[in-house]
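Given these sequences and hints, build the entire structure.
Just so you know, the protein sequences line up as chains A and B, in that order.
According to the numbering used here, the first sequence is numbered sequentially starting from 1.
According to the numbering used here, the second sequence is numbered sequentially starting from 269.
Source of the hints: derived by calculation from the structure; they are not laboratory data.
Heads up, some of the hints might be wrong.
Straight-line C-alpha distance at most 35 angstroms; calculated DSBU-like pairs for lysine-lysine [claimed, not checked]:
| id | chain 1 | residue 1 | chain 2 | residue 2 |
| --- | --- | --- | --- | --- |
| 1 | B | 433 | A | 116 |
| 2 | B | 308 | B | 433 |
| 3 | B | 308 | B | 364 |
| 4 | A | 116 | A | 137 |
| 5 | B | 308 | A | 137 |
| 6 | A | 116 | B | 308 |
| 7 | B | 433 | B | 364 |
| 8 | A | 137 | B | 433 |
Here are the chains, one letter per residue:
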Amino acid sequence: MSPEPTSSTVTGAPVPVVDVHDVTVAYHRRPVLWDIDVQVPAGKLVAIVGPNGAGKSTLLKAVLGLVPLASGQVTVLGGSLRSVRRRVGYVPQREAVDWDFPITVSEVVQMGRYGKLGWIRRPGAADREIARECLAKVGMEAMSERQISQLSGGQQQRVFLARALAQEAELYLMDEPFAGVDAATERVIVEVLRGLRDAGRTVVAVHHDLQTVPEYFDHVIMLNLRLVAAGPVGTTFTGANLQSTYGGRLTLLDQAAEAIRKGTVADH
Amino acid sequence: MDQLIRLLTLQDANTRTVLLGTTILGGASGVVGVFAVLRKRSLVADAVAHASLPGVCLAYMVVGDRSFAAFMLGALVMGLIAGGFIAFVRAATRTKEDAAIGLAVGGFFGLGIALSRIIQSTPGGTKAGLDGFIFGKAASMVSTDAALIGVVAAVVLLGCVLLFKEFRVVCFDREFASGQGWPTLLIDMLLMMLVCVCTVAGLPAVGVVLMVSLIVIPAAAARFWTERLTPMVLLAGVIGGTCGLLGTALSATLPAPQSGLSRGWPTGPVITLVGTAVFVVSLLAAPERGVVAAWVRRSRLRRRIARQNLLRAVYEHLERGGDFARAWTPAALEPGAVRGLPAARRAGLVRASGAQLVLTTEGRAAAARVVRAHRLWELFLITGASLATDRVDRDADEIEHHLSPELLAQLEARLAAEGRLPAGVPRSPHEQTAGPAGAGVVDS
Numbered sequence: 001m002s003p004e005p006t007s008s009t010v011t012g013a014p015v016p017v018v019d020v021h022d023v024t025v026a027y028h029r030r031p032v033l034w035d036i037d038v039q040v041p042a043g044k045l046v047a048i049v050g051p052n053g054a055g056k057s058t059l060l061k062a063v064l065g066l067v068p069l070a071s072g073q074v075t076v077l078g079g080s081l082r083s084v085r086r087r088v089g090y091v092p093q094r095e096a097v098d099w100d101f102p103i104t105v106s107e108v109v110q111m112g113r114y115g116k117l118g119w120i121r122r123p124g125a126a127d128r129e130i131a132r133e134c135l136a137k138v139g140m141e142a143m144s145e146r147q148i149s150q151l152s153g154g155q156q157q158r159v160f161l162a163r164a165l166a167q168e169a170e171l172y173l174m175d176e177p178f179a180g181v182d183a184a185t186e187r188v189i190v191e192v193l194r195g196l197r198d199a200g201r202t203v204v205a206v207h208h209d210l211q212t213v214p215e216y217f218d219h220v221i222m223l224n225l226r227l228v229a230a231g232p233v234g235t236t237f238t239g240a241n242l243q244s245t246y247g248g249r250l251t252l253l254d255q256a257a258e259a260i261r262k263g264t265v266a267d268h
Numbered sequence: 269m270d271q272l273i274r275l276l277t278l279q280d281a282n283t284r285t286v287l288l289g290t291t292i293l294g295g296a297s298g299v300v301g302v303f304a305v306l307r308k309r310s311l312v313a314d315a316v317a318h319a320s321l322p323g324v325c326l327a328y329m330v331v332g333d334r335s336f337a338a339f340m341l342g343a344l345v346m347g348l349i350a351g352g353f354i355a356f357v358r359a360a361t362r363t364k365e366d367a368a369i370g371l372a373v374g375g376f377f378g379l380g381i382a383l384s385r386i387i388q389s390t391p392g393g394t395k396a397g398l399d400g401f402i403f404g405k406a407a408s409m410v411s412t413d414a415a416l417i418g419v420v421a422a423v424v425l426l427g428c429v430l431l432f433k434e435f436r437v438v439c440f441d442r443e444f445a446s447g448q449g450w451p452t453l454l455i456d457m458l459l460m461m462l463v464c465v466c467t468v469a470g471l472p473a474v475g476v477v478l479m480v481s482l483i484v485i486p487a488a489a490a491r492f493w494t495e496r497l498t499p500m501v502l503l504a505g506v507i508g509g510t511c512g513l514l515g516t517a518l519s520a521t522l523p524a525p526q527s528g529l530s531r532g533w534p535t536g537p538v539i540t541l542v543g544t545a546v547f548v549v550s551l552l553a554a555p556e557r558g559v560v561a562a563w564v565r566r567s568r569l570r571r572r573i574a575r576q577n578l579l580r581a582v583y584e585h586l587e588r589g590g591d592f593a594r595a596w597t598p599a600a601l602e603p604g605a606v607r608g609l610p611a612a613r614r615a616g617l618v619r620a621s622g623a624q625l626v627l628t629t630e631g632r633a634a635a636a637r638v639v640r641a642h643r644l645w646e647l648f649l650i651t652g653a654s655l656a657t658d659r660v661d662r663d664a665d666e667i668e669h670h671l672s673p674e675l676l677a678q679l680e681a682r683l684a685a686e687g688r689l690p691a692g693v694p695r696s697p698h699e700q701t702a703g704p705a706g707a708g709v710v711d712s
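Rendered as structure tokens:
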């Protein structure tokens with residue numbers, strides 16, 4: 001597959017920020033990603049969509065080097081992951097951590113600075129200031145001294161986002177940042193994502209809500225064990241591709257049921 | 269008693285060293301235990317402790333004498349083997365971690381008991397003092413042993429201080445730490461190594477069976493008192509040190525029963541009992557997380573809900589007549605609402621008026637507030653959450669008691685923005701079930 005002819009912010013030839021080449025991942029011999037070959041263009045907001053168990057989170061983890069590859073290779077920011085790790089920010093799923101952990105909001109956000117600090121050194125005044133600014137960007141400054149168990153789901157997600165911002169990365173990988181958040185948080189996240197794009201950063205996010213894909217994202221990777229399609233939302237996010245991604249399971253009726261469940265009204 | 273005072277005033281040099289050693293050990297165990305517990309690895313410490321018994325036995329068999337340093341080395345090696353065994357079983361097979369830990373605890377301890385029987389059946393074997401390693405016997409330590417324990421504990425403390433940030437991020441969010449480039453496996457291993465070293469150092473004082481309690485109890489108790497890691501670590505250190513000090517001192521001075529314990533109390537159980545007492549006090553008395561505080565909060569909430577339900581029932585009863593100063597009888601209300609009556613009278617919201625009751629001025633204001641919040645919430649539910657009107661009353665009932673003033677203000681702002689914020693107390697959007705019209709479903 002040749003790189004997408006995008007209006008990349010990178011000068012010269014459009015170098016993909018992430019180049020996933022022939023990647024297969026298996027857990028206990030069962031493949032969860034099969035021969036994935038996909039590029040992520042620079043400076044775009046990219047959604048990964050697909051049904052449950054399609055390997056969306058695994059693709060993120062493969063890019064981050066958190067799961068062993070059965071075959072293939074991943075190039076990130078033009079190099080091996082090991083050399084560029086400090087330039088990649090990560091937002092794991094909210095459920096991945098124990099929210100009763102004895103830690104405050106600002107301490108969680110300061111963790112974003114740990115990578116740049118290296119061994120033994122503690123976050124200093126400058127790091128605390130960056131953490132405070134990142135909390136302000138997600139509208140959580142007032143809660144910085146709260147214990148994290150006191151946060152609502154949306155607030156937890158904002159804290160995770162602020163922690164990723166504190167990493168000051170070039171590429172952000174987010175695992176379902178919109179899952180289970182309130183409307184206000186959703187607006188904040190969208191605003192932050194657009195801010196990152198305007199600053200030339202790239203965001204790859206696993207996304208569940210098909211309705212909002214065209215509104216929130218520029219680019220889409222459609223996944224179901226294999227890569228179904230990848231490209232700009234306008235040309236790639238089509239009914240035919242959705243059909244092949246979700247198989248027979250996504251009928252019009254399902255879409256309607258989904259819309260009703262979310263309390264949104266389809267406006268087309 | 270005299271003996272305890274003599275002990276605690278440190279008149280004897282050897283006692284002084286032993287007490288100091290167990291205190292530092294308790295502190296170090298408490299500190300490193302916080303990370304082990306938060307990493308959900310505290311049972312690995314148990315397996316490591318049990319596995320050190322065969323290590324001690326093998327060391328005795330090799331050296332042929334009671335050498336404290338050799339014992340520690342043997343215990344450390346076997347402890348690390350046990351830790352490695354658990355990690356391997358978890359990673360390489362589908363056996364789950366708890367089962368792997370169970371295997372290690374039983375298998376290594378069984379081996380240790382078997383080896384210690386063999387040693388005790390050899391000439392001079394009973395002098396090895398292996399019994400002391402099972403339940404702990406601090407008194408049998410000499411001052412150089414205690415000094416060694418102190419040094420080990422100090423190293424563990426230093427490790428926890430230096431790697432505080434690394435341990436914190438791996439304990440809280442291992443995936444994020446990996447994504448950030450931290451070698452999480454190495455950090456995990458360093459943490460387990462410190463736990464292992466600490467456990468092994470504690471064997472002579474606490475013994476293999478109960479050493480895990482000195483790792484777990486201080487952390488579990490400290491968690492009740494704080495919501496932050498640094499205070500938790502400090503507190504666990506203090507609790508652990510106190511347990512080590514008091515437990516050792518008590519076990520040496522408590523009068524032993526005539527038979528059975530002719531050689532005095534073993535230290536391990538006494539230290540564990542002291543720790544358990546601290547834990548129980550924490551569990552009961554901690555201001556936020558303690559069970560007493562939680563019970564008080566719950567009953568306070570229950571009383572508030574009962575009071576609000578009463579006020580709303582009275583308000584809705586009087587609303588039909590339009591005169592809220594009118595007297596009423598509890599019999600006119602639904603039976604469930606009457607439960608809040610005593611509390612409402614104590615709070616001065618309701619007073620007697622002859623044989624009947626009447627809302628006071630404050631009571632009328634409070635009732636209007638409660639009903640207003642309830643109905644605003646109903647209004648919001650009907651449109652915002654697209655519920656059928658007949659379900660609204662119940663849902664509003666469940667949530668309204670938890671509406672904070674900020675949430676209520678948000679709700680008002682929202683309804684005002686839609687031009688639907690009523691002045692004063694709005695009319696009920698559904699029919700009153702107790703009303704003369706009965707419970708009919710109303711189409712909106």
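Hints and how they fare:
About 13 angstroms separates the Cα atoms of residue 433 of chain B and residue 116 of chain A, which keeps this hinted pair within 35 angstroms; it holds. A C-alpha spacing of about 17 angstroms is found between residue 308 of chain B and residue 433 of chain B, which places the hinted pair at or below 35 angstroms, so the restraint holds. Restraint check: the Cα-Cα separation between residue 308 of chain B and residue 364 of chain B comes to about 14 angstroms, which is no more than 35 angstroms; the hinted pair holds. Restraint check for residue 116 of chain A and residue 137 of chain A: the C-alpha separation of about 20 angstroms stays at or below 35 angstroms, so the hint holds.
Straight-line distance between C-alpha atoms of residue 308 of chain B and residue 137 of chain A comes to about 33 angstroms, which keeps the hinted pair within the 35 angstroms bound. Taken as a hint, the residue 116 of chain A and residue 308 of chain B pair is honoured in the structure, with Cα atoms around 27 angstroms apart against an allowance of 35 angstroms. For the hint linking residue 433 of chain B to residue 364 of chain B, the alpha-carbon distance of about 29 angstroms falls within 35 angstroms, and the restraint holds. Proximity of residue 137 of chain A to residue 433 of chain B is assessed by CA-CA distance (about 25 angstroms); at most 35 angstroms being required, the pair is judged to hold.
The structure meets every hint from the earlier list without exception.
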